[in-house]
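Protein chains in written order, with full-length UniProt numbering: chain A, 1 to 153; chain B, 1 to 153.
Calculated from the structure, these hints are not laboratory results. Do not rely on the hints blindly, as some may be mistaken.
Since copy identity is lost for identical chains, a pair holds within one copy or between any two.
The list that follows gives simulated cross-link-like pairs (lysine to any residue, SDA-like), each with its CA atoms no further than 20 Å apart [unchecked claim]: (1) 67 <-> 13; (2) 72 <-> 47; (3) 67 <-> 32; (4) 72 <-> 17; (5) 67 <-> 33; (6) 67 <-> 31; (7) 72 <-> 53; (8) 67 <-> 34; (9) 67 <-> 35; (10) 67 <-> 118; (11) 72 <-> 31; (12) 67 <-> 106; (13) 72 <-> 128; (14) 72 <-> 27; (15) 72 <-> 52; (16) 72 <-> 57; (17) 67 <-> 41.
Model, not experiment: these values are computed from the prediction.
Protein chains: 2
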Amino acid sequence: MKRARQPDPSPDTIAADLMLALGQFVRRLRSEANPHELNLSQMGALARLERQGPATTADLARMEAMKPQSMKVILAGLEEDGLVERRPHPSDGRQILFVLTASGAEERRRRSVAKREWMMAALATFQPEELRALEAAIPLISRLGNLPSDDSA
Amino acid sequence: MKRARQPDPSPDTIAADLMLALGQFVRRLRSEANPHELNLSQMGALARLERQGPATTADLARMEAMKPQSMKVILAGLEEDGLVERRPHPSDGRQILFVLTASGAEERRRRSVAKREWMMAALATFQPEELRALEAAIPLISRLGNLPSDDSA
DNA sequence: TATTGTTATACTCTATAACTATA
DNA sequence: TATAGTTATAGAGTATAACAATA
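Model the full assembly from the supplied sequences, consistent with the hints where possible.
Set out below in structure tokens:
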């Protein structure tokens, strides 16, 4: 653990470098997908449903930083493949709750193997120390993606 | 393939969590762009030209993990805005070298302020220790994005 | 009237296929 | 023949706008 020698990182540099690194990484990741793989948005929606239980289109759209109309398309695809199902909302007739089906939980893993295997092959070239550093950054990146935007509404 | 329980972080978990975190982060980042902002691909191409000097469409496509036809579209947009220029290749009449123009170096920063400012605002909520952890992960993510794929084709 | 969801449409980014020119 | 670039077209992913139903 080396921690004392370096100057404090400049947020500006971090911002610029992180954007570049992530842009390329995501492009590479997307290019590793087989025809039947889930895309990152579908994986995100399924992960939310698995971790947090039933949610509406609007809920999921907010959590995944996209418009409800866009999330509807994502959910429609997942529904057609039987990975999610609709449930009526108990008290509000407008809302529709989506839940993960039994096969959805399984398919979430099965239909992301190509991406995961590419990534694991890449991670296999990392030193344990580097893996730890990468792991430590995940919750931080997660936080960046989940921060509220300036919807001062 | 051995899967012994180890104190080291599991690559499988890292792979899955990193995909989710990055997917959401990139979507969020993209949503912060003003109409005139550069997108992540344009920023990537400009950064390559600035750091590594003149390069061909095919070079840049390879480095940024996209097809030459797609990179051509990126470069055509940048060229139209005067951020890059063409230079004939000294010895190979087929190749065309692209170089960053003087305004290209400046615009690269100016036309990514919205994304950078959103990110810097987000990073302002981080502890110095967290910033260091995030910074440490950037070269690792970069390496993931730059690893050669198994193009056996 | 405000909110949830839907439909229709369009835009952005990247891919595939076919073609031209140079090597 | 092989390689660099171009043109044309298509697909995935997400956005905006207009609308219906419920609150």
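A quick look at each hint next to the structure:
When the C-alpha separation of residue 67 and residue 13 is checked against a cutoff of 20 Å, the pair qualifies neither within a copy, at 30 Å, nor between copies, at 29 Å. Within a single copy, residue 72 and residue 47 get their C-alpha atoms as close as 16 Å, which meets the 20 Å cut-off; across copies the closest is 36 Å, which misses it. Taking the shortest alpha-carbon separations for residue 67 and residue 32, only the inter-copy value of 13 Å comes in at or below 20 Å, while the best intra-copy value is 26 Å. In this assembly of identical chains, the alpha carbons of residue 72 and residue 17 never lie at most 20 Å apart, being 33 Å within a copy and 24 Å across copies at closest.
Taking the shortest Cα distances, residue 67 and residue 33 sit within 20 Å of each other only across copies (15 Å), while inside one copy they are farther apart (24 Å). Only between protomers do residue 67 and residue 31 lie at most 20 Å apart by alpha-carbon distance; the minimum there is 10 Å, versus 24 Å within a single protomer. Taking identical chains as interchangeable, the C-alpha atoms of residue 72 and residue 53 lie at most 20 Å apart only when both belong to the same chain, with a minimum of 17 Å there against 44 Å between chains. In this assembly of identical chains, the alpha carbons of residue 67 and residue 34 lie at most 20 Å apart only when taken from different copies (17 Å versus 26 Å within one copy).
Taking CA atoms no more than 20 Å apart as the test, residue 67 paired with residue 35 passes between copies only; the shortest distance there is 18 Å, against 25 Å inside one copy. Proximity of residue 67 and residue 118 under a CA criterion of 20 Å is satisfied inter-copy only: 19 Å between copies versus 30 Å inside one chain copy. Taking identical chains as interchangeable, the C-alpha atoms of residue 72 and residue 31 lie at most 20 Å apart only when they sit on different chains, with a minimum of 18 Å there against 24 Å within one chain. Taking the shortest alpha-carbon separations for residue 67 and residue 106, neither the intra-copy value of 27 Å nor the inter-copy value of 33 Å comes in at or below 20 Å.
In this assembly of identical chains, the alpha carbons of residue 72 and residue 128 never lie at most 20 Å apart, being 40 Å within a copy and 39 Å across copies at closest. Proximity of residue 72 to residue 27 under the C-alpha cut-off of 20 Å is restricted to the inter-copy arrangement: shortest distance 16 Å between copies versus 24 Å within a copy. Proximity of residue 72 to residue 52 under the C-alpha cut-off of 20 Å is restricted to the intra-copy arrangement: shortest distance 18 Å within a copy versus 43 Å between copies. Within a single copy, residue 72 and residue 57 get their C-alpha atoms as close as 6 Å, which meets the 20 Å cut-off; across copies the closest is 37 Å, which misses it.
Taking identical chains as interchangeable, the C-alpha atoms of residue 67 and residue 41 lie at most 20 Å apart only when both belong to the same chain, with a minimum of 12 Å there against 23 Å between chains.
Hint violations for this structure: numbers 1, 4, 12, 13, all remaining hints satisfied.
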